[in-house]
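Each chain sits in its own coordinate frame; assemble them with the hints.
So the protein lines, in turn, are chains P and A. Here our numbering is used: the first sequence runs in plain steps of one and ends on residue 226. Here our numbering is used: the second sequence runs in plain steps of one and ends on residue 522.
It is possible that some hints are incorrect.
As the list claims (entries may be wrong) - Covered stretches of chain P, going by a simulated chain A footprint (3 or more residues, C-beta under 8 Å):
#1 38-51
#2 88-95
#3 149-162
#4 205-212
FYI, nobody ran anything at the bench for these hints, they're computed from the structure. Since this is a predicted model, take the numbers as computed values, not measurements. Ideal placement from N, C-alpha and C gives every residue a C-beta, glycine not left out.
So the chains spell out like this:
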Amino acid sequence: MSTAQVVSSGRTAGETDGRICRYTLGERVHHWLGAFTYVYCLITGLAFWSPYMFWLAVLVGGGPTARFWHPWFGLAFAFSMFWMFKMWHRDMRTTDADRRWSKVMKQYIENDDQNLPPVGRFNYGQKLFFWLMFYGVILLVISGLGLWFVESIPWSLRWLRYTAVTVHVVAALATIGGFIIHVYMGTAMVRGGFTSIIRGEVTTTWARTHHRLWYEQIMSGTSRKQ
Amino acid sequence: MSQATLAIRKISGHAGPAPGEGVERDYQVCKLVDTTTCIGCKACEVACLEWNGYTFTDTVFDNSYQTMPQTAWNYWNLIKFNEHEREDSTVTLLMRKDQCMHCADPGCLAACPADGAIVQYTNGIVDFQQENCIGCGYCVSGCPFDIPKFNPATKKMFKCTLCSDRVSEGLEPACIKSCPTGCLHFGSKDDMKDLAETRADQLRENFGFEKAGVYDPAGVGGTGVIYVLHDATNPEAYGGLPKDPHIPWVVRFWKGPAKWIGNLAMLGGILGVTLHYLRYGPKEVHPPKNENGGQP
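If we strip away everything but chain A, and leave its shape as in the complex, we get (with noise of 0.2 Å):
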């Protein structure tokens, strides 16, 4: 298989700096999802499970068409559905395909603990390496968007790889192919954000939907995976798309000056003990005096 493409940017939990750190692509790698368009048809989620090889498993209803509440480590693509009360109280039925957002600055990865178990490709793929993944899931708590998934049976954690394996091979992600209404598109990051805005414009200026906008959001460096929507003052109605998402402020204090201030800590105390044992040493017995009798 080809890795041309896959080359990598960014490791979790690595020592050191990766091969590849800082590098840019002429292009990075974009999924456009134009809810606007978005019939709700569910053919990228099956396009995703023939793909990546997993069979359908059973779906929760919740008094909506969504196939169940949540991304699963076995189903890392589901269409959001919300009904949505317009300003003139009429109802519409928001859909947006939620998958992982491949943060240019992912959560996940920051947090992640095991050497090479999250990369970032040159091209803005983050991806999952099963092989070298702990299943600790602080992933979970890295991620803004919800996404990483935990398989209970092999003990790894799973989702969205934008088909990085279709993707290297120079063809486009399989819930792409699958689109019956070219809501979805592929291809370079830059080309994606023209076309979303030509879109995002043609909303504004054809179809009364003064709102409407791009989701690429800056809070995470911009993702690989970006909306174009009705009202993008208001990404939470869609099935609650983080408005300002970012790295948990916790996570970046953990991982960056909490592990230097604990580490000099522990070293200090270590240092510590050292020096108090050069200068006054081990603690003398006293014998006791004879006067005092002392001996049983």
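Chain P extracted, bound-state conformation (with noise of 0.2 Å):
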């Protein structure tokens, strides 16, 4: 699936850099699946969470469109994060590289980047943001679906109800928080990660500056393929 490759050499004009092809056309479309169905789901369920925030139903069509959807679009972001899943787990196993890498991830907050151990093509903190939103999502669909049908849970089991609630809450809250970090590293903290994820691509200082083993992998031409 990791068809990582160099796209070009970069000796065209005002480029000192090759390209590297970091994110395949399946992984982009599954992302920005994700994330349009994610955010959908934000909206809405934020605009069911508090009445100070129920004005966002009315952008995207008011409450019982939003509540109409809500599922709908959950059901699509569970599938995006499966399909996810399906192409990135391999990638996604915690390896000794990010064991010594969380030991100092404090430098990497830091900026102080100079002597932090390489890493594989994802660095600890994307991979526990893809295990928080994997698992965060096996959750919200779960006690997605007591909610959704919650008359359909009997009176003697009332205790699901409950418990639907509460953990579609926490759930939601725990993804939202992986969320606004995962937004601000990959578009204003770590620049060079939003192009990746439009158009594929990061120059060879990038992925040699953030992602140095996988790096050394695609230059060396030992790319796992699978």
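This is the structure we're talking about:
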């Protein structure tokens, strides 16, 4: 699946860098399907969450419309998430390199990057975010079914209704925390990340800086084929 | 239509106070159901359907006289029939008119996220406003009596209105008008409480029902529908009337502290990444050192 390769040697005007394919078209499509459906669920979910944010429902067609589509978009998000799992779960396993890196994550957060241990295609933070969203969406779908079909839960099992509410809220808040950090890092903090998930390419310097082990694999042509 | 008695006291999912918040009218309306004189004729079920414009739907036979297992979105008033074994092992039929209890502290209204979908009038009636309902079903989780029901066709929730349209015109609810034994009464909460207590006294002193009493559960702040029971210590025997109903603590937490904890956490996250950017800024990419080749 990871068909990473040098796309061009980048000797054209103004470029000192080569370019590497970081995300295939399929990976980008599923990332953005996930992003779009998650944001829809976020907007409508926040509308249901607080009276002070109920106006958000107006942006997507009003309360009843938002209520109708929220679960379906949630299922679409779950679909994209499982597809991302299919594509990435091997890349998302924690490695020894990640363990070394995670010990000095504070340096990474403070942009003191010169002496960070090299990491592979994804760093430990990205992996944490992936697994947060993966397990988050499982909990959201299961609890969401309880909220969707609340009347089908018999009165004698009403503790399930209350559990569904609790799990849905906790899981949603956890994913929102990850989402805020993910969007911030992907756009503002790690420059080049945002274009990579749109056009699929990064510069060799970017790859070398942020994902040294992955970069070396690509350069030596030993990138794992699946 | 006169709306004189329908000033609003509480509003669901509402940002900010309701007009009329905290207002107590001279009297709260109340329906009294004396289960000891109910004969199970179901005239109230029919009257409810007639007044509210519903046709009679299919009944569900479950080895009892009961019309269906529970109230439905288009069947708000249901006599619950329960065979009950007395201490001397004789059997009696307990009959209780089940409907919305019109809690002073309504769990449906607390759980509802849609602005104005559930209101409580200053006379105590809790009413669903279907034009504002989004059909989410949160009220189902909030209700301690399992009353709100979903209409899958219109995707709106329905329940007994305590005939708020009739009450606003000075009439009693349709079910009250139809009762042939006079086991149903309607009036101010104070009057109905007096009447109920008088009847309970009578049952205890003259009829040997030593545990007779009035069901007006304090856990939900008292209700706009109160019962006289032969045995007030065992309301569960009357088709699962909860002994100590209250808004589920999950719903209380969800609509109370969880909201603030969650909102602060989300705000904290946004603030945190903003401060991070101001303090540390974006990451630099490091061009490879020359001696090590670097460029491919």
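If you count the residues of the stretch 38-51 of chain P with a beta-carbon closer than 8 Å to a beta-carbon of chain A, do you get 3 or more? Result for this restraint: holds, n = 5.
| message | Taking 8 Å as the Cβ threshold, is the statement that the stretch 205-212 of chain P is covered by chain A upheld or broken by the three-residue rule? | response | holds (count 5)
- Message: Is the coverage entry for the stretch 149-162 of chain P by chain A consistent with the three-residue Cβ rule at 8 Å?
- Response: As far as the stretch 149-162 of chain P goes, the hint holds, because 6 residues have Cβ atoms under 8 Å from chain A.
Residues of the stretch 88-95 of chain P with Cβ under 8 Å from chain A, three needed, outcome
violated (count 0)
Hint compliance for this structure: hint 2 is the single one not met.
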